[in-house]
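Trainee: Sequence:
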Amino acid sequence: MGGFVEFHMLKGPEEAGRILYASHTLWQSEAHFTAWTRSPQFRVADARAGTGPTLHDGHPRFEGFRAIQRIAADAA
1 MGGFVEFHML KGPEEAGRIL YASHTLWQSE AHFTAWTRSP QFRVADARAG
51 TGPTLHDGHP RFEGFRAIQR IAADAA
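UniProt numbering applies: residue 1 is where the sequence shown begins, and numbers increase by one.
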């Protein structure tokens with residue numbers, strides 16, 4: 001998809017038999033991300049959500065963040 005940079009699946013701590021996971025995607029811009037959420041490809045991917053084994057408590061919830069600072073090894 002245009003503007004897509006990378007994806008990370010993050011595995012967090014385990015507590016009381018539950019493991020916290022978070023997915024993180026990086027896009028060239030917020031406009032690219034918004035275009036993805038309105039695309040036919042997104043609708044196909046979203047339609048498959050929930051068809052496999054249940055791996056979460058409750059309904060997944062989108063929490064969007066905007067980068068306000070970037071420090072990279074190649075920035076020097």
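One thing to keep in mind: the hints can contain errors.
[Claimed, not checked] Restraint-style ranges between C-beta atoms, simulated for each label pair: (1) Phe42 with Arg66: 30 to 40 angstroms; (2) Phe42 with His8: 17 to 27 angstroms; (3) Gln41 with Gly64: 13 to 23 angstroms; (4) Arg38 with Arg66: 24 to 34 angstroms; (5) Arg66 with Ser39: 16 to 26 angstroms; (6) Ala16 with Ala73: 36 to 46 angstroms; (7) Ala16 with Gln41: 12 to 22 angstroms; (8) Met1 with Pro60: 12 to 22 angstroms; (9) Glu15 with Glu63: 17 to 27 angstroms; (10) Ile71 with Arg43: 19 to 29 angstroms.
Please keep in mind that the hints were generated in silico from the structure rather than gathered at the bench. Small disclaimer: the values here were computed from a predicted structure and weren't measured. A virtual CB, placed ideally from N, CA and C, is assigned to each residue, including glycine.
Trainee: Output the numbers, in ascending order, of every earlier hint that fails for this structure.
Mentor: Those not satisfied are hints 1, 4, 7, 10.
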